[in-house]
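Number of protein chains: 2
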Amino acid sequence: MAKKYVYLFSEGNANQRELLGGKGANLAEMTNLGLPVPEGFTICTDACNSYYENNESLTEGILGEIDNALESLEKQTGKKLGGDNPLFVSVRSGARVSMPGMMDTILNLGLNDKTVEILAKQSNNSRFAYDSYRRFVQMFSNVAMGMNLRDFESVIDKLKESKGYTKDSDLTCEDLKAILSKFKEIYKSNKGEDFPQDTKVQLLEAVKAVFRTWNNPRAIVYRRMNDIPASWGTAVNVQRMVFGNLGETSGTGVAFSRNPSTGENVLYGEYLMNAQGEDIVAGVRTPNPISQLKEQLPDVYKQYTDIVSKLEKHYKDMQDMEFTIENGKLYMLQTRNGKRTAAAAIKIAVDLVNEGLNTEKEALMKIEVRTLDTLLHNQLDSKVLKNITPIATGLPASPGAGVGKIAFTSERAVEMAKNGDKVILVRLETSAEDIEGMHNSQGIITCRGGMTSHAAVVARGLGTPCVAGVSNITINDENTQVEMSGKIYKEGDVVSIDGATGNVYDGAVPTTSPELNEDFKTVMGWAKKYKKLGVRANADTPKDAKTAFDFGAEGIGLVRTEHMFFDADRILPMRKMIVSTTEEDRVKALNELLPMQREDFVKLFVAMNGNPVTIRYLDPPLHEFLPKTEKDEIDLAAATNVSLDKLREIMNSLHEFNPMMGHRGCRLSITYPEIAKMQTRAVIEAAIKVCKDGINVKPEIMIPLVCSKNELEYVKNIVDETAKEVMKEQNYSLDYLVGTMIEIPRAAVLADSIAEAAEFFSFGTNDLTQMTYGFSRDDAGKFLNEYYDKKVFEQDPFVRVDEDGVGALVKMGVEKGRKTKPNLKTGICGEHGGEPSSIEFFHKAGLSYVSCSPYRIPIAILASAQAAIKND
Amino acid sequence: MAKKYVYLFSEGNANQRELLGGKGANLAEMTNLGLPVPEGFTICTDACNSYYENNESLTEGILGEIDNALESLEKQTGKKLGGDNPLFVSVRSGARVSMPGMMDTILNLGLNDKTVEILAKQSNNSRFAYDSYRRFVQMFSNVAMGMNLRDFESVIDKLKESKGYTKDSDLTCEDLKAILSKFKEIYKSNKGEDFPQDTKVQLLEAVKAVFRTWNNPRAIVYRRMNDIPASWGTAVNVQRMVFGNLGETSGTGVAFSRNPSTGENVLYGEYLMNAQGEDIVAGVRTPNPISQLKEQLPDVYKQYTDIVSKLEKHYKDMQDMEFTIENGKLYMLQTRNGKRTAAAAIKIAVDLVNEGLNTEKEALMKIEVRTLDTLLHNQLDSKVLKNITPIATGLPASPGAGVGKIAFTSERAVEMAKNGDKVILVRLETSAEDIEGMHNSQGIITCRGGMTSHAAVVARGLGTPCVAGVSNITINDENTQVEMSGKIYKEGDVVSIDGATGNVYDGAVPTTSPELNEDFKTVMGWAKKYKKLGVRANADTPKDAKTAFDFGAEGIGLVRTEHMFFDADRILPMRKMIVSTTEEDRVKALNELLPMQREDFVKLFVAMNGNPVTIRYLDPPLHEFLPKTEKDEIDLAAATNVSLDKLREIMNSLHEFNPMMGHRGCRLSITYPEIAKMQTRAVIEAAIKVCKDGINVKPEIMIPLVCSKNELEYVKNIVDETAKEVMKEQNYSLDYLVGTMIEIPRAAVLADSIAEAAEFFSFGTNDLTQMTYGFSRDDAGKFLNEYYDKKVFEQDPFVRVDEDGVGALVKMGVEKGRKTKPNLKTGICGEHGGEPSSIEFFHKAGLSYVSCSPYRIPIAILASAQAAIKND
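One line per chain: the protein sequences are A and B, in this order. According to the working numbering, the first sequence is numbered sequentially starting from 208. According to the working numbering, the second sequence is numbered sequentially starting from 208.
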């Protein structure tokens, strides 16, 4: 059967969103519900793909279907495009999901020098007819022909100026005719031919223009930001025009069935009489609140509220609707599930369930997971933001609002914070040694690095707002000033950042606090009931653990033990350990670290109160911990009793060309077994202590960066022997698990063999993404932007898990691992563990749990629930 | 059926090598051929594995089987271990493959205070009996009980000194008794108990001792060097003793059926009368050439030569045989296929075919591929090497002998070479900028880096000897001297290196030249006939291409275009290109490079005379090309008309944290399409020129580091458009292919999708190994040695392809690629392409060809033939 490319509204329904686009599907649905919808047809998304496949042209088949649909439309309306009883149509795009403001629309199509006169006569309103015509010429020239809108607007402006008019409505019919004539001249001089009088040419050019808007730059950016594949394409809706600008009993409006900011159950919207839709958008005249319509046109208002109620019940969701009134008659032009803030989403979900309109599952599916972030962090006041411009923009690396004084070094940030200042830490990039400064800051700005750069990962873990990779600002070499939008900012100058948008603002922007109300708790309760995936947190400190626990985490999936070593009082013994040249010296330094590490674990175990805690052994290349300043070098030389020269020689010998693929992870425990011994001792001693205090702890020890069973076995032997030793010393028997991270491609490929030695797997999708792509996350930023611009990549694989490649390895790892051990516990503790679409993938891949930063726990819980509801 | 662990010689045969070990299988075979072999039995390799699995003990089952076998042996010989007609046995190890000198042997077992007297009586030779006893005590104490041999030897030395003896044979029977008594004292003081008189205890301890030798340090090292898995285990042979030291009609000897150095078809060996095997090894007495036996014991000699001839015919190969004569009666103690030099292997192969003993295929299988290297390079004179000690030892990174004066920088190497000196370049490590110096050197020594470090890869490509990663030498910071074995070497001091062993020698060691004689060509001819894999070369210069072609390469599988840019006259425009901040500047610099690159390609195409040439586009991170000295920086600043500060800022911005995973490969062509344009222009213009001159060229353009189909398509579009442009300009139509490297794990996982855009695949197993393991080849050396020492790894995955992990991805890539394109040409151009066991793997994986450095072409051809013969 040949594919069908064009559907009359009466032929479609709401489920055909993929084919007809959201707008088209809903127009069809409303038509079939018997609502007053102007007749029309939809040219479907497949036609858009066909258009691009055929070198940006419409096939004969599609042209034929358009002809047939147009003929049907003409029959339905009793009018004819370009005929004596002329049909006028709007041509609008409509993709599978709404992409507000991203694509264009052409209204009043069908007007030409002949039909304008008929319209004038029929409406008995020449001014209206010519105003409609000039609008059409303007839109067609701009949207379909790519001409500059400014050229057209300046014609109107000049005429208004010359006549002393202040408003568009001052323009007379004659003025409009003059304008129209100028418009046609502009068209001809641009295009080399006259404005098309052939209405069929108008229609086809308009359709193609809408298809082209699918690939305009802002649509591409929007798609990338919203994970929309280019292959979806857009549909085109061709619909009989109803005119809201026919006079004082005509108008147009938009309304939400409930308040999209708060979720309150009242009709919320606005309208404008004697206007077309674009007039509302343009903001020249101030629209009236929808409630006034009740007084102005009570019958229409009544009809409208009935329809709203019918639509809400039909769609079981809050609706966002456009309507037009033509000579006192109401027409519905669009309905869709309304966008809403996170707060509104939560309230509406709870209300819809209470009203019996939704089941809990249905209600959960209607909450846009991504928006939850805004509920969990301070926000810059959106009312204030409307009126100011950012001074710089980077990547939205960690959400929330941060306001404070600039500090350029970690040391200064700590000092300023001690003095009671709120601090924004501004760095070229951060490294492990900045941790303390980051801890003490309200926000972080970096010039380099991407969404999984050190700054981004750490900031998300801390719940601290971060704007990363702000490439168009410059910090001077001495770290004393930064230039943003031409202004110099020095230490102590105040800036505000919005980590959810990546914007940086001058001065202190007021903030609003998050509130987790009862509705939020209700929703989370439902989500926990329906999700299948466990949700754990990546947490390195008791404070993190507490936050995560309060947000609903069921355990800790990742303790990065190295993060415990950056505190000022710990870094020195850590450094001593690293520069040791004998096992004896190394053991001595490790013995200094042991009590600190043990105490950390005790606190974590207590904070998690018997829930599982997965502890990853030392992972990063050791040279990350080395002193960066001469003072620190001198201190270390003194502490280790070697000359500065000798120390530098040792430090030099630790240099690596590609540290990400160097001496790190389990490789450290294999070359220096004493590290694994110390860490095991700390874990087991801490666990026994806490057990003795009555909390039942079963630590999960996780060996990182394993690529072969032998590596894991080697380290596991050290762990088991040391644990045995400690248990004997303490005369206490303790259960614990030893598992591994699967974060190297070879580990996924050989997961069946590795599972023989592992009691659990945790996929480290950050490293796995790096190795699978051969991308260093610290360096890829330099070329990935070009990849997006050139449409080589559509997604940042560090943000959303790459299902085809990295995901295939995760699946392979799960399947092979479970072939060896059918009940193998498998988790994921990379950054993807808190990203909704990745969570859905992990659900489908059959993982046991995801682990993410504490502030993403609610998101992970809701995303897991949605994944379970959607896929089971 | 229960496993059988012990076999009488009469129960086995030569095919049971895996079970019985090489020695045991051949003893069984000779027994069944009716040759005079002393009776015995073999405890098989499975028993060795069982021994280790059971915590280093023998199971009841195995003990029972040993009892039974011993009983049978006693029946066969009519003697009894420890009995009145006592049986004496030797206990020798025998692994699946010969591991000469790696494991130990115990002779004369069964002697105790009682049986020594019986032996004295039976042999009528008390001195002989006590000498045998003291030898046994000595061997048993050392091998089975781990006591220090020196303690025993010094007893003999002291006694000889006190009596003024000069030879062992001066010792009287009484002396030997005194020595024996001292030996027993040493045993008791070490062990706390008397030397065991129970002959059964002696036997079982000896068996276990042999099993333990399998894991002694030198055996482990030997296995690693020779790719022998630990899991093979060793067998133990227990055999009736025949005594070569019974008097003047007794003796022992070793002989090869043909000359193992030259291959000449004459019996070659030596013997010693009145001696046991160890006397020959000890070198105290000088053995006689085997030819003298003809005069001394003509009947025995005749019998022996008959056996030799029988064995050669039976085994169809040159034999290496041990024998003992006891009172004028000949016994065969071992036969095996003899080790031989590469030259001998070639001659013997050709002779065996001419003699009708072997088919061509059989003859090919007998040549040890790895040894061919010695035929292709100069060698240090082995006679001289016997008498000198290396001053340093590193990794055998590129074979051959190099003798010359030390230079510490590339510049000095070039200058010294210009003055006619032969140069050995000594560097901490090499980088791209050392290429010219390496080109001008006879040999290269580096302190850092492994078998696939920059120095190693480039040296193998050049055929220049290289010793890499000599970690125990130190170069001073000013690069003016190096210390080796305590001696300071300065520029101009002469050293010699052997790149096949990794040894460095003081002064000029004489060298021998390689000869590729007619026999070699005959063998290569056979190999080409039977191999299935294509064999191509990695070659960057016309000279490389010529070498490869002469060695039999069927094309070039990899031209690394970046290697063409390091010459002194090219590096400047290359650098200008890299530091360009505008596309315009970059294009200008590229235009300078274009004619040079085109000319290179012309020469390569001409050198390969119509055979395929695969050209890889620019691959390494750009900052590899940047100036390293201030002078070069100043030159570049001048050439690019920017300030030195600005230049440094630009250079700084090119810094990468992990360059191996950074901005390189196809990522360069995507961010800077002008590079791919220039390279395409150079390829196509060169190909058209050469075609017009009558050589039919079809270039194969290879895009590196691809991880997604989109990347490949993006670059392929640039290539296709540029090629079209050039063909139009030149009015010439040319066929060419565009393919990709599969060297990133994701590319293997998504090979089906990538194959849609690729006309061929070439697996880059160097990078694939790095990414699959998460090992940087430049850094892994720091920990891989520990991995070997701790038996975590047995192989260097950069040397021999990791079949389980990397190999699984290669197979996946081939299968998925061919699912999309069934006839897809698939090659491999990593370093593994010249490694014999990897080549066998690639053959089995169904690849179309391997590509390796020119000097490994004959090795690849022979290895491919062997793989085909073995597997088809």
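Bear in mind the hints are in silico, worked out from the structure with no lab data behind them. Among the clues, some could well be false.
No distinction is drawn between identical chains; accordingly, a pair holds when it is met within one copy or between any pair of copies.
List of simulated lysine-lysine pairs, DSS-like, C-alpha gap at most 30 Å [stated by the list, open to error]:
#	residue 1	residue 2
1	Lys395	Lys853
2	Lys853	Lys694
3	Lys1026	Lys997
4	Lys853	Lys835
5	Lys810	Lys739
6	Lys795	Lys997
7	Lys1028	Lys573
8	Lys884	Lys1051
Legend entry - Status of Lys835 relative to Lys853 across identical chains (alpha carbons, at most 30 Å): Both: 16 Å inside a chain and 25 Å across chains, each within 30 Å.
Inset, instruction - Tell me, please, which holds for Lys810 and Lys739 at an alpha-carbon limit of 30 Å: within, between, both or neither? - result: This pair counts as within: shortest intra-copy Cα distance 29 Å, inter-copy 64 Å.
Inset, instruction - Indicate which option fits the pair Lys795, Lys997 if close means a Cα-Cα distance not exceeding 30 Å: within, between, both or neither. - result: This pair counts as between: shortest inter-copy Cα distance 23 Å, intra-copy 55 Å.
Legend entry - Within, between, both or neither, where Lys1026 and Lys997 count as close if Cα-Cα is 30 Å or less: between (41 Å within a copy, 29 Å between copies)
Inset, instruction - State whether the alpha carbon distance between Lys1028 and Lys573 is at most 30 Å within one copy, between copies, both, or neither. - result: neither (38 Å within a copy, 44 Å between copies)
Legend entry - Within, between, both or neither: Lys853, Lys694 at alpha-carbon 30 Å: between (45 Å within a copy, 22 Å between copies)
Legend entry - Intra- versus inter-subunit Cα pairing at 30 Å for Lys884 with Lys1051: This pair counts as neither: shortest intra-copy Cα distance 38 Å, inter-copy 43 Å.
Inset, instruction - Since the copies are identical, ignore which copy is meant and state whether Lys395 and Lys853 lie within 30 Å (CA to CA) inside a copy, between copies, both or neither. - result: Neither, since 80 Å and 50 Å both go past 30 Å.
Hints 1, 7 and 8 from the earlier list are contradicted by this structure; the remaining hints agree with it.
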